[in-house]
Amino acid sequence: MLKNQRAVIAGKKSWGNDYFLFSLEAPVISRKSKPGQFLMVKITDNPYPLLRRPFSIHARNKHNIEIFFQNTGVGTSMLSQKQRGDKIEILGPLGNGFHIGERSESKKASLIGGGRGAAPLYFLACELVKKNINVTVFYGGKSSEDLPIASKFKKENIRTLCSTEDGSSGFKGLVTDLLETELKTDTPSLIYACGPEGMLKSLSKISKKHQIPAELSLESIMGCGFGACWGCVKKIKKGNTAEWHKVCEDGPVFSAGDIIWD
Amino acid sequence: MLKNQRAVIAGKKSWGNDYFLFSLEAPVISRKSKPGQFLMVKITDNPYPLLRRPFSIHARNKHNIEIFFQNTGVGTSMLSQKQRGDKIEILGPLGNGFHIGERSESKKASLIGGGRGAAPLYFLACELVKKNINVTVFYGGKSSEDLPIASKFKKENIRTLCSTEDGSSGFKGLVTDLLETELKTDTPSLIYACGPEGMLKSLSKISKKHQIPAELSLESIMGCGFGACWGCVKKIKKGNTAEWHKVCEDGPVFSAGDIIWD
Amino acid sequence: MVDISVDLGFLKLKNPVIAASGTFGYGIEFSPFIDLNQIGGFVVKGLYLSPKQGNPPPRLAETACGLMNSIGLQGIGVERFSKEVLPQLKGLRSALIINICGDTNEEYARIAEYLDKHEEISAYELNISCPNVKKEGLCPAQDPDDTYEIVKLVKKSCSTPVITKLSPNVTDISEIALSAEEGGSDAVSLVNTFLAMGIDPETRKPRLGNFFGGLSGPAIKPIALRMVYQAASAVQIPVIGIGGIASGRDAIEFIIAGAKAVQVGTANFTDPDSTLRIIDEITAFCKEKKIKRLQDLSGAVDLNP
Amino acid sequence: MVDISVDLGFLKLKNPVIAASGTFGYGIEFSPFIDLNQIGGFVVKGLYLSPKQGNPPPRLAETACGLMNSIGLQGIGVERFSKEVLPQLKGLRSALIINICGDTNEEYARIAEYLDKHEEISAYELNISCPNVKKEGLCPAQDPDDTYEIVKLVKKSCSTPVITKLSPNVTDISEIALSAEEGGSDAVSLVNTFLAMGIDPETRKPRLGNFFGGLSGPAIKPIALRMVYQAASAVQIPVIGIGGIASGRDAIEFIIAGAKAVQVGTANFTDPDSTLRIIDEITAFCKEKKIKRLQDLSGAVDLNP
Ligand SMILES: Cc1cc2nc3c(=O)[nH]c(=O)nc-3n(C[C@H](O)[C@H](O)[C@H](O)COP(=O)(O)OP(=O)(O)OC[C@H]3O[C@@H](n4cnc5c(N)ncnc54)[C@H](O)[C@@H]3O)c2cc1C
Ligand SMILES: Cc1cc2nc3c(=O)[nH]c(=O)nc-3n(C[C@H](O)[C@H](O)[C@H](O)COP(=O)(O)OP(=O)(O)OC[C@H]3O[C@@H](n4cnc5c(N)ncnc54)[C@H](O)[C@@H]3O)c2cc1C
Ligand SMILES: Cc1cc2nc3c(=O)[nH]c(=O)nc-3n(C[C@H](O)[C@H](O)[C@H](O)COP(=O)(O)O)c2cc1C
Ligand SMILES: Cc1cc2nc3c(=O)[nH]c(=O)nc-3n(C[C@H](O)[C@H](O)[C@H](O)COP(=O)(O)O)c2cc1C
Ligand code: FES
Ligand code: FES
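If you're matching them up, the sequences are chains A, B, C and D in order.
Here the first sequence is numbered in our numbering, starting from 751 and rising by one per residue.
Here the second sequence is numbered in our numbering, starting from 751 and rising by one per residue.
Here the third sequence is numbered in our numbering, starting from 113 and rising by one per residue.
Here the fourth sequence is numbered in our numbering, starting from 113 and rising by one per residue.
Don't take each hint at face value.
Partial pick of chain D residues on the chain C-facing surface, computed with a CB cut under 10 angstroms [said to hold, decoys possible]:
| # | residue |
| --- | --- |
| 1 | CYS177 |
| 2 | ILE367 |
| 3 | LYS401 |
Below, in silico cross-link-like pairs of lysine-lysine (DSSO-like), each with a Cα-Cα straight-line distance of 30 angstroms or less [stated by the list, open to error]:
| # | chain 1 | residue 1 | chain 2 | residue 2 |
| --- | --- | --- | --- | --- |
| 4 | D | LYS404 | C | LYS317 |
| 5 | B | LYS988 | A | LYS832 |
| 6 | A | LYS892 | D | LYS399 |
| 7 | A | LYS958 | A | LYS987 |
| 8 | B | LYS988 | D | LYS195 |
| 9 | B | LYS753 | D | LYS401 |
| 10 | C | LYS401 | B | LYS892 |
| 11 | A | LYS832 | A | LYS880 |
| 12 | D | LYS126 | D | LYS402 |
| 13 | B | LYS763 | A | LYS763 |
| 14 | C | LYS317 | A | LYS987 |
| 15 | A | LYS837 | B | LYS904 |
| 16 | D | LYS401 | A | LYS892 |
| 17 | A | LYS792 | B | LYS837 |
| 18 | A | LYS892 | D | LYS202 |
| 19 | D | LYS124 | C | LYS317 |
| 20 | D | LYS401 | A | LYS951 |
| 21 | A | LYS955 | C | LYS317 |
| 22 | C | LYS399 | D | LYS317 |
| 23 | A | LYS832 | B | LYS832 |
| 24 | D | LYS195 | B | LYS985 |
Source of the hints: derived by calculation from the structure; they are not laboratory data.
All values reported here derive from a predicted model rather than from experimental measurement.
No residue lacks a Cβ here, since even glycine has one placed at the ideal position from N, Cα and C.
Build the full structure now, drawing on both the sequences and the hints.
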């Protein structure tokens, strides 16, 4: 099922020195992937940086998959310097994705993405649309430069509402505030989200308050990505007990109600 | 005197994946350098590989200096991937160069270069020619692919004799054998050389046997390149005593007769 | 043909490459990537008598060419292990080594006793060197007498061969290796992780949930190699080298220093097929250097100047 | 304005950044690159009573994010040092610290006595932790009693303040730090290098001429930081943190762990102006975080989960 392979960078797009999109030739992984799953990407053959980096599958077509990432440190910076034609080693598809269409009543979905957290939501939105589910994307960032893939959603005719903390584009404030404003007039049957921990915590509260089930994709430092190191755990409720569960294997997507925030 | 600066790679040339030539915009260092001096080149801003790498000054003009290097390990491999326009940090000019024209009788010089060891000899040859010294270059390698800069010497109308171990170009055998053949008919007043230790050891013997003074440029693993770490020492005779001397500060060029080989 | 098999006396391995405890899960996690039968063997994740919750996250932090972890031996305990995991490993044709942890000497002995009937188990590895369990980071492997006592007790309790895994957080590794040997250990393996820590200057908080953690990976290799050399010079029993091994040449370095076999840890995370690649690289090295029997290299460091 | 000055009690530094012994020559080597008066201070290369030849090459080997060295304290001896080098350092407005080595306790004391009249010397640093001198790599800093004895003797022989430099090659660093404190040391600095080795698989020869060497650089930082934290928790005297520091944030990490000042070693080789850059980065960090006095950060690790 899992595959570790060298994939050619077939396309590269960048927004300044902050956001990057790579298209990778990886037909087998592409075929198997589901929205919410991720890859472990090897940055270099040298021992620095040591670990692979996890990135969500941002989009796929028959042969290629895409990753969309933000330059936030040594690994992403080195990755961003790769060029079209370079090869990178990727392992995937990893983890469990978002649950789609399992509840027949889920005909209306709100997708909330904070910053680079919007990455997996594009793949998800496309799949939901295919299943005739009504999708609204809430996409928030610090400023207008942090919303580089807003146009991609719009191009697919997906209703996309943006927010920025500095008000430079769309609603001024947090994306969760934008969502709450919307909830006054319109209630989705399901929330899907990915983004910073603070945002996900707020969404857990909103989900509870409004009684809308929410699926949240968590981030965690990962040693392996495939369940071997036990490094990536978060406290998750299963039945009556709360235990450390692996984000890479049991997640990265969890039901908001099952996550024990500290 | 010394300078540490970021220099733009103004030009890049490569021979397969083995040999590379960078032209670096570094006017101050260029102006100060003498043949046989070297630079400490920073490979990356990351801690891997940790140390700078020493490279001889291969050529210079008013604004630029050149380095010519062989891809032999992690540092040179990473360096070889830099592109025109990239900046690299260089420290130099370091060490004492070859002695030129100090002996008035030195009107005929033989320059012996093994493999990448030919790097400093181009700068040296050009300076000697300027002083009307008769120069012959002996340039040896494993095979014809290891003699990439032979044409550069020839272009300057410098007499250049090549040797290869596999006979694919020029004399078949070691460059020291080629030199010995020449010595039968023609004796230079001075030998300058740079190359692998085995070659330099042979040259020490030849220098002694034929009583031709020889200046040899040594290689040594360098921690700093400017005399601070005491890591680069070789045993050198000074007067009656032999002590560990720093290759970076007291060398890299030493008189053949002063080097104590182990 | 190159013979890279290894005879530890109590155990024959088809090659010297063993996957290290805590970096290879229960083995099963790696079957999507490699054929488990092709490696020399593997050591399962540290096993306590009872299930363990492990430490709070963050449990990992990356350092320069290294990895700090404070997993805290989260695990299912020996009973569930023997019921749920062992049956899945039936028919395995590589060495299966069980890494044993305890809060007391008796706990080690009880696990050794409990699992002793399982013939599919090739050896125990006594993890007396895990720095994560107590917050002060002290462990029996830091004291020669404690080491001797544990080994002695476990040896009395079981017939399965015993490898004692040593901690690098000691002044004199030879002393501890000798204690393990005197206690009756069939081999020693070293090193476990180096006690380490990190602080985030932004938050002033420790980088690991458990404050201290263990450092592994290429960063520690030069120190680990020195300790393996010292231990191998001190004891007669086989030494298994561990610490930052990521290539065939790394493995060869440990073998020349005196190790009979090696364990590969952190490299399993960065490349899940590291063990197989390292085996291939060892074979290729021996071919190139015309070494017929890898074991002839063990301890063959050339001390002439 | 940010106050990054440091008061060690016996010595005031204009900032917490000191260049480490053996990586800064006699200071003079760095004057082409930096103004020596702008750093907190520097420790000169280890000084023996008599001139030393040092170890045979190779003396350096690079490792993953680390550097191994076996220089063996090649040097000119205390007499030539005081005649030839000290005069060149007259008028220096940074702390000048002399790193003292000896084969016997008495040798340490004799150097301390010999140099005691020189007022330009701010402090001695007792290098009781150099692993290169004896081939087995043992040193007084690995034993609490030996540490106590040396410090006590040196303190009796001089009035210059004494910093004791500790070795990381020990089981319990707190114990050794406490011994130094009891012996009367005015401060401790740690860590010196980790005893390490390397082998070239091609030749089977050791990578260093002296076989064993000391590991330094970013690779060791997480272990060094842990030891600095432990030492600072154990003693009342100031602790100077050393090990892999290459940036202002690295320095801040050691200060939060409990160090009052730091030393920068290997980074001087890779960037001769590292010390100045680190000072700038510390100032910038304090400004950004609105920290008025750097010393308030010392030991300010936040242990809340
Ligand atoms: C399942 C999953 C999916 C992700 N998908 C994306 C994506 O599609 N696009 C994107 O831009 N980012 C994504 N991230 C976050 C991304 O992995 C980190 O930004 C990246 O690892 C940072 O590496 P660095 O070397 O640049 O940063 P550094 O801070 O230098 O990294 C140091 C270490 O911390 C880890 N780390 C740092 N930040 C994070 C983080 N937020 N989450 C997990 N580990 C972290 C790194 O992996 C590394 O081990 C995802 C994370 C997870 C867990
Ligand atoms: C004064 C001087 C001038 C030099 N000039 C040139 C030149 O003009 N062109 C050229 O191609 N090479 C030159 N060299 C050799 C060059 O420095 C090495 O090839 C290079 O450092 C190898 O680095 P690496 O990371 O690719 O190899 P690795 O083997 O991965 O390096 C590992 C470590 O060993 C050191 N090292 C490895 N080989 C040598 C060597 N032969 N000499 C010194 N240190 C070594 C590296 O610097 C590094 O610290 C010179 C060396 C010296 C001392
Ligand atoms: C995440 C992680 C978990 C570990 N768990 C264990 C364990 O349960 N038992 C044990 O004896 N060693 C454990 N170790 C130590 C490794 O087995 C090995 O000794 C150490 O990592 C050094 O080898 P390396 O540098 O190749 O990783 C663990 C190491 C890591 C990185
Ligand atoms: C080449 C070299 C020489 C050293 N010489 C000495 C010395 O003479 N005396 C001493 O106390 N420490 C010496 N050290 C140790 C350093 O002062 C420092 O403690 C160690 O390198 C760790 O710091 P770092 O990681 O910043 O380099 C030396 C280190 C290196 C790399
Ligand atoms: S990242 Fe290793 S278990 Fe999840
Ligand atoms: S390389 Fe540091 S002294 Fe020569």
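Numbers of unmet hints, in rising order
5, 9, 11, 15 and 18
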